[in-house]
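Enquirer: Sequence:
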Amino acid sequence: MALSALFLTSGAALAQQGSAAAGKALYMRNCSGCHLASGAGGVHFGDAVSADLRAPGLETTYHHSTKLMLRAILQARDEDGKRLDQPMPAWAGKITQAQALDIISYLKTLHS
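Residues 1 to 112 in the working numbering are what the sequence shown spells out, letter by letter.
In short, the hints are calculated from the structure, not lab data. You can take every hint at face value.
Pairs of lysine to any residue, SDA-like flavour, derived with a Cα cap of 25 Å:
hint: 1; residue 1: 108; residue 2: 30
hint: 2; residue 1: 67; residue 2: 37
hint: 3; residue 1: 108; residue 2: 96
hint: 4; residue 1: 108; residue 2: 93
hint: 5; residue 1: 94; residue 2: 108
hint: 6; residue 1: 82; residue 2: 43
hint: 7; residue 1: 24; residue 2: 37
Pair by pair, the computed Cβ-Cβ distance ranges are:
hint: 8; residue 1: 37; residue 2: 89; range: 14 to 22 Å
hint: 9; residue 1: 57; residue 2: 77; range: 18 to 26 Å
hint: 10; residue 1: 33; residue 2: 93; range: 16 to 24 Å
hint: 11; residue 1: 25; residue 2: 80; range: 29 to 37 Å
hint: 12; residue 1: 68; residue 2: 37; range: 18 to 26 Å
hint: 13; residue 1: 80; residue 2: 37; range: 29 to 37 Å
These figures come from a predicted structure and were not determined experimentally. Just so it is clear, CB atoms sit at the ideal spot from N, CA and C, and this is done for glycine as well.
Using the sequences and the hints, build the whole thing.
Expert: Dropping the structure here:
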């Protein structure tokens, strides 16, 4: 029930719960290998003949809702519930929802 209440909370309220400083440390440890330290993305996965899968840039994530970003980070799913490209792991069970909120708070600072 508490989880349901959290998802019903507005995106702005959720983002306020995260710590950008803690999120930066988590991002550098868990995300920057694919999305780069700057958040610019572009890391290519696969070989020269495979599909061109590149980690997306994250500097424009500020326009996504916190709920959608939580879903992308924890479940590796988009707004329609479709699985994100395979290199993106689902982080549920590896990081907590609070840690994901920290990462989101950090990502929302990248556009400023």
